[in-house]
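Trainee: Chain by chain, the residues:
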Amino acid sequence: MALLQIAEPGMSTAPHEHRLAVGIDLGTTNSLVATVRNGISVVINDEHGHSLLPSVVRYRQGGAVTVGYEAQARSSEDPHNTIVSVKRFMGRGLKDLPDLATLPYQFVDAPGMVQLKTVAGVKSPVEVSAEILKVLKVRAEASLGGDLTGAVITVPAYFDDAQRQATKDAAKLAGLNVLRLLNEPTAAAIAYGLDNAAEGVYAVFDLGGGTFDISILKLTCGVFEVLATNGDSALGGDDFDHRIYCWILEQAGLSVLGDHDKRLLLGKAREAKEMLTDQPEAGVTGVLSTGQLVDLKLSGQDFHKMTESLVNKTLLPTRKALRDAGLTPEDVKGVVMVGGSTRMPRIQAAVGEFFGQAPLTNLDPDKVVALGAAMQANVLAGNREGDDWLLLDVVPLSLGIETMGGLTEKIIPRNATIPTARAQEFTTFKDGQTAMAIHVVQGERELVGECRSLARFELRGIPPMVAGAARIRVTFQVDADGLLSVAAREMGSGVEAHIEVKPSYGLSDDEIARMLRDSYDHARSDVEARQLAELKVDGQRLIEATEAALAEDGETLLDASERTAIAALLDAMKQAMQGDDAQSVKRASDALNQGTGEFAARRMDASVKRALKGHKLEELDL
Amino acid sequence: MPDFNCNHFELFGLSPGFAIDAEALERAYRSIQSEVHPDRFAHAGEAEQRLSMQWTARVNEAYSTLRRPFERARYLLELQGIHALDPNNTKMPADFLMQQMEWREALAETRAARDFAGLQRMEKDMRIVADNLQGQLAALLDEQRDYVQAAEVLRKYRFMEKLLAEIDAAYEEIE
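Quick mapping for you: the protein sequence lines, in order, are chains A and B. Residue 1471 is where the first sequence starts when you use this note's numbering, and the numbers rise one by one after that. Residue 32 is where the second sequence starts when you use this note's numbering, and the numbers rise one by one after that.
Hints are computed from structural coordinates only; laboratory data are not their basis. There are no misleading hints in this set.
Below, a list of computed lysine-lysine pairs in the DSS-like style, where the Cα atoms sit at most 30 Å apart: (1) B/K193 / A/K1783; (2) B/K122 / A/K1880; (3) A/K1642 / A/K1565; (4) B/K193 / A/K1688; (5) A/K1880 / B/K193; (6) A/K1688 / B/K155; (7) A/K1688 / A/K2083; (8) B/K187 / A/K1880; (9) B/K155 / A/K1880; (10) B/K187 / B/K155; (11) A/K1783 / A/K1565; (12) A/K1783 / A/K1767; (13) A/K1783 / B/K155; (14) B/K122 / B/K187; (15) A/K2079 / A/K1688; (16) A/K2056 / A/K2006; (17) A/K1587 / A/K1565; (18) A/K2056 / A/K1642; (19) A/K1900 / B/K122; (20) A/K1803 / B/K155.
Where chain A lies over chain B, by a calculated footprint (3+ residues, C-beta under 8 Å): (21) 59–71; (22) 77–86; (23) 91–97; (24) 198–206.
Glycine is no exception: its CB is placed at the ideal position from the N, C-alpha and C atoms.
Okay, chain A solo, but in the shape it has when bound (with noise of 0.2 Å):
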């Protein structure tokens, strides 16, 4: 089925409106907002002609906040309240961030998610995050000429639930319309393939300033089919820089440094880095604020021998990530680069030397992600007809709940094709068990200690039984975002519990909220005339995709009785939205949902129907 083309509310009703769709890599050092303009995919700048927006944001006192390179410039003068790298922090909490020592902020251990301590108060990296967002977001609005109608958000791919939450979260925040998180590797696919009209086997190899992710994607026939993907969220250009500042400290016979100096050094050894891209050696030049002069020479060889683990420590997982696969390094028909880590001669040399073949560089490593994000934000947005390709992701990491002794019990495995759905059986462990606590967890090692804990909820009222006898059925559905969410239900009684998979990583609603009041300084009133104008929006969307649903096929798949159904629904809703009561709109809306869903469900057989029968009309053409 086509998607169908819905005009603005209050704008032309034209079916063949342009909707302003985005796509944003929001990256670990520098992030970028690009759009389909005129069927082609391209970076929006800003005003001053910069493509990359640094992922610096700088609080100020009284709450001003500066974002990208005037932050940037800033950022050894004021290193508490300028925060570079934010995404390393996104749904971690203090006892995963290993590097604690070098960093110069203040963090607060808030539950779930650090928070870090400015002259404008403490902020969650989600609010850092969102500030970001809100500058591309403005980019964008400027650049296009009007709001947007959503945007597509990458992750990396190997971004586990809590993180991926919270970029959703920060995406909110700032008031965007996420049409979907996509993963970074498979954006990168995107552009690269649909360029280049690619059929085969791909590795998509990411190196990204914090993060690495490897995945391998086939393709067929447009259709971009994940196949494994691995990787380390904990692993970048700059561990890189890291090993660089640490190499200064020892040859500068430096110990223990103020964060001024430390931010100094850090960027010197970045820029060292940069320089040895097609330099056999870089500089390091700089003046402490004790007064004392640095003045070394790094050479290409030594940066080699000091950074040949972090390249090795790259080349583990895609080794994993194929062997998932079931596939070898021959079976690879390209490999593509991604990142402005992969421009290090060393890492293409390693990459090219596993796969056998020299990596393909042809589109600039910064920006193919985002650009592969804006064609596939086109398409959610419905710009396009016919030709659509279809991404078929997968979920990183294994997805499970806590059994007796501590040990996980797998209930979605890796790489499993997402969106996807997977129901398990437990039992009660003591006679008279009515309780059971469910704890969900996600990684691969078989110790619940070892592996990330999502949340924990409580199955309440399950009737006394012996131990064994009562059957609680756990569904575990993860969405077309990697999301997660977990239902628990006692077979016999039909007791019920249900979560979306957020306390202890994410942010509840109420908290959102709150951010959003407390960042737009916006009166009560303001919050609920925005909550409002969401409802008419969605409302609008429903109304013209009922009535064009109910053209395509209420003739065939309805009786009269249930088209006069619909169209009173259609009408009722059409009132409320005449009026400004949110309820209300609310209330015709929902009713209108759960009255056109049998429909919905014949259309959607009814299409299944078509495609097998396509399909088979294909092999008799064979």
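Since chain A is already given, all that's left is putting chain B on it; use the hints.
Mentor: Below, chain B without anything else, positioned relative to chain A:
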């Protein structure tokens, strides 16, 4: 709810059997996904989005079952009302179990010695055994229709799958 009454084979328009036209399965999977995937409904109403998600999950489950020989055999037996891997169904021939123990010991030694080539040799041997069991399954399920016997072969096959998974884990440890 989508029509979940049809079985996995019917869903893809295939005739049930252990021998399967892998390409036809893949083609059918892709054409159904093209219709039901959430990316096709990013702009649709709530009801359609929910259905799309249920359908896609269902299609993914069916595909991942049918594409893997072990899961396919298990599913075929389930269609016959036989739960081959029921925990109460653990009886295995003694000589088979002895053989398993020997292989496991050999694997533990190879692992401890971090012998990469040795692991590769073991993997190759184990694959031959697994492939042989697969051949037996094909004959029992598709030709002789001896489901009781097939269930026993499937249980043996499970041991091999586990062993192969442990070899994989050993590779990861050595690397």
